[in-house]
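Novice: Sequence:
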Amino acid sequence: MLMDMAAYLVLAIHDLPGLHMDVNLFSGTSVNNFFVLIILMQWYTQLFLLLVLSVIHAVAVFYPARFRLFSSKHVKVIIVIIIVVDIGLAVPLFTGYCGFYYSVDEHFWTFDPDKPYSYIYFYCNLLIQGVCVVIVVCVDVLIIWKLRKHRVRSMLRVRKTPTVAAPFSQPKHVQEVRVSNEQQLAFNFILLSACFLTMTIFYNIDTSAFLYGSMTALTYNLNNAKWSLYVLGNRTIRGKLRSLFPCG
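Residue numbering for the sequence shown follows the working numbering, starting at 473 and increasing by one per position.
Treat the hints with care, as some may be off.
[What the hints assert, rightly or not] Label-pair restraints from in silico Cβ distances:
1. N597 x V527: 19 to 29 Å
2. H622 x T567: 44 to 54 Å
3. T582 x C610: 27 to 37 Å
4. L614 x P585: 35 to 45 Å
5. S575 x F539: 35 to 45 Å
If you are wondering where the hints come from, they were derived from the structure by calculation, not from laboratory data.
Just so we're clear, the structure is a prediction, and the values are computed from it rather than from any experiment.
Virtual Cβ for every residue (Gly too), placed ideally from N, Cα, C.
With the hints as constraints, model all of the structure from the sequences given.
Specialist: Written as structure tokens, this is what we have:
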């Protein structure tokens with residue numbers, strides 16, 4: 473989410489003024505290199521985080537006992553590893569062999585075709601996107617299937633439960649809350665992945681139609697907002713925000 477906010481700052485400071493003036497602002501300066509680093513880290517971070525979240529959500533649905541062993545220490549280790557990998561992938565793009573720049577003609581950031589080995593990064597980027605898309609879609613399908621199966625099983629169990637509950641049985645409302653929470657967890661991830669998948673599809677379509685440009689801009693902003701949507705889908709976080717900003 474922080475990287476998406478940084479990407480929005482680049483959009484406001486560099487991209488929008490450059491679009492109206494038809495120039496690449498800060499070209500050849502350290503500020504431009506800093507913007508390139510932000511764009512690259514934002515892009516690769518979201519790819520790797522989606523892969524990690526796919527695994528985490530799959531474990532949460534299929535192996536809830538193991539998911540409960542997941543702690544904040546694991547989260548910090550994963551974030552550090554992703555940042556290190558991001559920086560490692562970004563460093564070669566600041567050399568004379570590969571490059572990343574803002575195209576004034578197309579008005580978006582892309583790999584520099586004037587540098588000899590940029591095409592390797594271009595195809596590697598497509599490969600990583602493809603892997604991410606396949607895994608995310610498969611996990612979405614499995615989560616929907618598992619939740620539907622779990623819901624049907626819970627409804628059948630509730631119907632077969634006698635009127636007088638057993639001493640150690642879960643009340644009906646507890647089971648319903650559990651199913652509802654699992655569905656919310658899955659829905660948040662599906663919404664997150666849908667924003668990314670839609671943007672990826674439109675970004676890789678080779679066309680100059682006006683509708684394409686408009687849809688790419690729309691899906692790009694939805695993709696940048698996806699982490700905010702995902703985080704705000706958490707009931708605990710929403711409650712803390714309400715306490716910070718009381719509405720009278």
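Novice: Work down the list of hints and note, for each, if the structure agrees.
Specialist: To see whether the hints hold, each was checked on the structure:
no., hint, verdict
1, N597 x V527: 19 to 29 Å, "21 Å, holds"
2, H622 x T567: 44 to 54 Å, "51 Å, holds"
3, T582 x C610: 27 to 37 Å, "29 Å, holds"
4, L614 x P585: 35 to 45 Å, "39 Å, holds"
5, S575 x F539: 35 to 45 Å, "43 Å, holds"
Consistency with the previously given hints is maintained throughout, with no hint failing.
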